[in-house]
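Student: Chain by chain, the residues:
Protein chains: 2
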Amino acid sequence: MEQRLSLVTLGVEDLQRAVAFYEGVLGWKIAASPPGVVFFDLNGVILALWPHRDLAQDMNAAPGTTPAYPGYSLAHNVGSIEEVDAIFATVKRHGAKIDKPPAKTSWGGYSGYFSDPDGHRWEIAHNPHWTILKDGRIWMKRDG
Amino acid sequence: MEQRLSLVTLGVEDLQRAVAFYEGVLGWKIAASPPGVVFFDLNGVILALWPHRDLAQDMNAAPGTTPAYPGYSLAHNVGSIEEVDAIFATVKRHGAKIDKPPAKTSWGGYSGYFSDPDGHRWEIAHNPHWTILKDGRIWMKRDG
Numbered sequence: 498m499e500q501r502l503s504l505v506t507l508g509v510e511d512l513q514r515a516v517a518f519y520e521g522v523l524g525w526k527i528a529a530s531p532p533g534v535v536f537f538d539l540n541g542v543i544l545a546l547w548p549h550r551d552l553a554q555d556m557n558a559a560p561g562t563t564p565a566y567p568g569y570s571l572a573h574n575v576g577s578i579e580e581v582d583a584i585f586a587t588v589k590r591h592g593a594k595i596d597k598p599p600a601k602t603s604w605g606g607y608s609g610y611f612s613d614p615d616g617h618r619w620e621i622a623h624n625p626h627w628t629i630l631k632d633g634r635i636w637m638k639r640d641g
Numbered sequence: 498m499e500q501r502l503s504l505v506t507l508g509v510e511d512l513q514r515a516v517a518f519y520e521g522v523l524g525w526k527i528a529a530s531p532p533g534v535v536f537f538d539l540n541g542v543i544l545a546l547w548p549h550r551d552l553a554q555d556m557n558a559a560p561g562t563t564p565a566y567p568g569y570s571l572a573h574n575v576g577s578i579e580e581v582d583a584i585f586a587t588v589k590r591h592g593a594k595i596d597k598p599p600a601k602t603s604w605g606g607y608s609g610y611f612s613d614p615d616g617h618r619w620e621i622a623h624n625p626h627w628t629i630l631k632d633g634r635i636w637m638k639r640d641g
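Heads up: the protein sequence lines correspond to chains A and B, in order. Sequential numbering from 498 applies to the first sequence in the numbering used here. Sequential numbering from 498 applies to the second sequence in the numbering used here.
These aren't lab readings, by the way, just hints derived from the structure by calculation. Just so you know, not all the hints are guaranteed correct.
Identical copies look the same in the list; a pair holds intra-copy or inter-copy alike.
Using 27 Å as the maximum straight-line C-alpha spacing, the simulated BS3-like pairs for lysine-lysine come out as follows [as the list claims (entries may be wrong)]:
1) Lys-526 x Lys-589
2) Lys-526 x Lys-631
3) Lys-601 x Lys-526
4) Lys-589 x Lys-601
5) Lys-589 x Lys-638
6) Lys-601 x Lys-638
Note that this is a predicted model, so its numbers are computed, not measured.
Produce the complete structure using the sequences and hints provided.
Tutor: Below, the structure written as structure tokens:
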């Protein structure tokens, strides 16, 4: 698994309130984002704001469940479905907790989640709409 | 506040166990790190593993307190003490919760923490031992 972080996703209660903070208070500019999620393109990593209910569902967690829904996730994007499967094979062999086995997603990609030993959730994803540049950055096509 | 993310810090129960996972399972290489914390230099952002007790203390939180200690933090590093103060003045004026007013730190820097509207903790820090490159990446001097 390459030494890269693609996204940090912050779960939020109210997307408009969160955007008002990052845009209005911190002065950041929103990148083109599909409905229901807001992306900020930072220095080599994307910050995503996403309602708690969607993030929790995406990682097979639920607020109040055990292990607790952590409210955020880290994502590592790769260039193919095969690479996603290969990473899951490795971490599974080493006994990592698989929160969500990799599967096709509603947004047209392929992803799964595992936990590190302290319960920090990592999503390993292939998003066919995004390109991974040579320096590890994500290039999000502007049409979606 | 520039649109940059400098560090993601994951609180861990057992530093050796966490390092064994990131190094041994994911295959990542550790960067030169001071005692008690382990850095990984990713694509434009640093991932830090730090014991929960240290991270909680650093952000003026404690496991079990309200608002709950979240177990992770996001950091935005800047080039001077004055820039740290300017960012805190802005977010305070907009009513953000200040978890720890900026102050000199034990590691020779200057930092503070605020929360976004959903309680995600941001540290704004000046670390005189680190250089912020033009593209927003951090260059950690190798002597400490």
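Student: All hints are to be evaluated individually against the structure, with a verdict given for each.
Tutor: Do the hints match the structure? See the list:
no.: 1; hint: Lys-526 x Lys-589; in the structure: between (38 Å within a copy, 20 Å between copies)
no.: 2; hint: Lys-526 x Lys-631; in the structure: both (24 Å within a copy, 19 Å between copies)
no.: 3; hint: Lys-601 x Lys-526; in the structure: neither (30 Å within a copy, 31 Å between copies)
no.: 4; hint: Lys-589 x Lys-601; in the structure: within (19 Å within a copy, 43 Å between copies)
no.: 5; hint: Lys-589 x Lys-638; in the structure: neither (32 Å within a copy, 36 Å between copies)
no.: 6; hint: Lys-601 x Lys-638; in the structure: within (20 Å within a copy, 42 Å between copies)
Checked against the numbered hints above, the structure breaks hints 3 and 5 and satisfies the rest.
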